Every structure is written in C-alpha cells, then in structure tokens.
Amino acid sequence: MKKNWPLWEVFVRSKNGLEHRHFGSLHAADAEMALENARDVYTRRNEGVSIWVVESKNITASNPENNGELFEPAQNKIYRHPTFYDLPDEVKHM
Amino acid sequence: MNDPQQAIREKQFEAKIARDEKIEPKDWMPEKYRQTHIRQISQHAHSEVVGMLPEGNWITRAPTLRRKVALLAKVQDEAGHGLYLYAACETLGVSRDELYEQLHSGKAKYSSIFNYPTITWADIGAIGWLVDGAAIINQVPLCNTSYGPYARAMIRVCKEESFHQRQGYEIMMKLANGTPEQKAMAQDALNRWWWPSLMMFGPTDAESVHTEQSMKWKLKRKSNDELRQQFIDQTVPQAELIGLTIPDPDLKWNEARQSYDFGPIDWDEFWQVVKGHGPCNKERMNARVSAWKEGEWVRDAAMCYAEKKAAKKEVV
Ligand SMILES: [Fe+2]
Ligand SMILES: [Fe+2]
Ligand SMILES: [Fe+2]
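Going down the list, the sequences are from chains A and F.
The letter at position 36 of the first sequence is residue 36 when you use this note's numbering, and the numbering goes up by one with no holes.
The number in this note's numbering is simply the position in the second sequence, starting from 1, with 1000 added.
Treat the hints as calculated values from the structure; they're not laboratory data.
All values reported here derive from a predicted model rather than from experimental measurement.
Do not take every clue at face value.
Unchecked claim - Covered, in the sense of this in silico footprint (three residues per stretch, anywhere, with C-beta under 8 Å from a C-beta of chain F), are these stretches of chain A: (1) 4-13; (2) 28-37; (3) 57-70.
In this text, a Cβ means the ideal position worked out from N, Cα and C, and glycines have one as well.
Generate the whole structure from the sequences, applying the supplied hints.
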C-alpha cells in the first residue's frame, strides 16, 4: 500500500526569552527530515533560534463546537480579576 | 436551502465574517466556503510552484554571483510560498496528493503569466519588477482575508515578496543604464511582459464572475479593474525613472481622474493562454508532472527508511 509522508506542525522560538510559536506545517518522512525542512522553509531570514516539530496526528485539539461549555464559565468569574475588589483610593502599592 | 437550522448557521457564519472575526480550520463553515477556498488557495499555491520554472531557467546563467544568489533565494522563496499555501489548503480537508493530482491533470489552474517564456536575462528583471509587483498588489489585501490559515500564510508571503520586486527592478535599472544593446534588451522584456502583467488582475469587472461572494468572504477587497489601475499608476513612473517606455500608445495621464488612461487589453490572448494554448503551457506541465513522477521512488524510499528506523527503535 502506498504511504504518503505524514504532516508535521512546526513551532519556532524567535529568540531566547520568548516561547515557541506555531509557524506552520509541512510533510516529511520522519522527525529529522521535518526539522531540516522546517529550517529551510520557516527560518530563511533569521526568524528563529530553536525549532520544535510534532507530528500533527499527535496533537489533540478542542472542538470549537464545545467552546460554550469550555470557555463560557470563565466569563462570569470576574472575582478572578483584581478590579473586582473595591478598595479606597488611599491604599497605595496594591 | 430548506433546512432552517442550516440557514441560521449560515447567517451566523456570515455575521462572524462581517464582524472581522476569523474562521479557523475546525470551525463550522458552509460547504461552498470550503470549496471556494480550496479552489482559490490551491490555485495560488500552484502558481507559486509553477512560477519557479520560468525563473529557474536563468539560475545557472545569471550574469554575476550577486545576481545568482539573489535569484536563487527568490526562487527558493517561491517554493516556500507554495508550501505555506498548500499547508493552508490542507487544513480544509484536502490532501496534498489530491491537490497535485488536480494540477497535473489540468483540472486546477495556475496563473497564466507563467506560460510565457524567459528568453533573455532581462526577462528575469521584468518578472521581478512587473509580475511580483502585480502579485503584491493582488496579495496584500489577502493578509486580512477571513480564513485564518490563508491570512497567516499571506502575511509571510507578502513580507518576502518585496525583495523580489526590488531585485527585479534593480536588474532592469542596470540594463537600462547600460550599453544600447542592454537597454534595448530591457525595453524588449518590458514590451513582452507589460500586457500579460496587466492580465494578471483577471477579466474586467463587467466580465468577472463570483466577485460579490468573494468580497463578502474577503477573498477580494477591491475589484480587478481597481487593482489593475493601481498597478498601472504605480508602475508607469517607475518605467519613466529608468528611461523605459510602456508599450501602450494610448497610455496618457488623466488629470481629472488622477490616473492613467490605457489602451485595450487583448482578452483573446488571455483566454487562449488560460485554455492551454500559451507559448509554454505544455512545457510547464511536463516539467511538473515529470518532477513528481521521477521523484516518486525518492519519496517512497524515504518513507521506507523512516519506517525501518522507527521499527528498530522500538526493538531496542
Ligand atoms: Fe511568491
Ligand atoms: Fe505569489
Ligand atoms: Fe515572488
């Protein structure tokens, strides 16, 4: 049976101190090749100092259809924000 | 559309786009949105890839090392653009193999401009200046398009394109300031690439289909004619600056419109090339198909090797 090169997701750290960010994806036979191709495709102009590649099938993504139950409960928990607490103006450094 | 549930969903979807929210791969979308995007994004990807062929023709014969590294870098960028766009297209649930198959069978189109030959070195200058210039005008508005992966790909593409146009103009400038033969070569390239470049913006607004839908989905923000006019207005002074003449006897500044009037475009030629009868359609397609076929054993071998290595790792 014919097998195609799997899909990989590419994450690049643009400089130390910053997190790796999703840059895009590509096909490659294995992780090594994915890394080499990612370097050629996504960092031709000094865009990064570190690359992660992850085979796309290993990523589990949330379903946007469930966004209500997942994310809406956070919307009414305003007591998680500092502005919820009423303090007199005289209080400094808080 | 009889299903009321479906109609509501579509309404919400359109409203989301109207609010300038992005659509992401796993979001619900109307089938027509998916199909239209697959068509447009893949067509764009194919254009980037086929676009490497006319320029690749001159890499080994670039006149200096400086020109050679620049051209090589540009062509490599175009391969990258193809890849960003194929990847964006794949998020819509179509496989890379299917997309190639559509290109190779002639079912999918690519930009007609790449069916013209590059017969002198000046053509490389003209392509960078005019073809990449026209592409930039077409692409910049797409950085804001509604489909997230497409918009992100376009942002990367646009960042890289400006060097393409500048290196092309620099080539033309150098030739135009050179010997009379060099200047004539630059003028000849401009003569041959000018009209096909204007055709890159597509048929006139009167002839153009599905523009309204495209505007709504932000696949298009300005009409073909508006973009074409923008290109002409910005390019004419660039030609004048280096002493080259736009090959259009009707070209004239219109003070009232604050724009250039220009002569009629030969749309018969455009449709001939679109239908496959341009000077290089066959050559381009043969090059793509044979690259794909002759590379098959390499792809298969790499896959076999990867599997073998993975199996060995498991044993240890
Ligand atoms: Fe490009
Ligand atoms: Fe392009
Ligand atoms: Fe380009």
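Query - Coverage assertion for the region 57-70 of chain A with respect to chain F, Cβ distance below 8 Å, three residues required - result: holds (count 4)
Query raised in the report: At a Cβ distance under 8 Å, does chain F reach at least three residues of the region 28-37 of chain A?
Result: holds (count 3)
Query - Proximity test - 8 Å, beta-carbon atoms, the region 4-13 of chain A to chain F, at least three hits - result: holds (count 3)
The earlier numbered hints are all upheld by this structure, with none contradicted.
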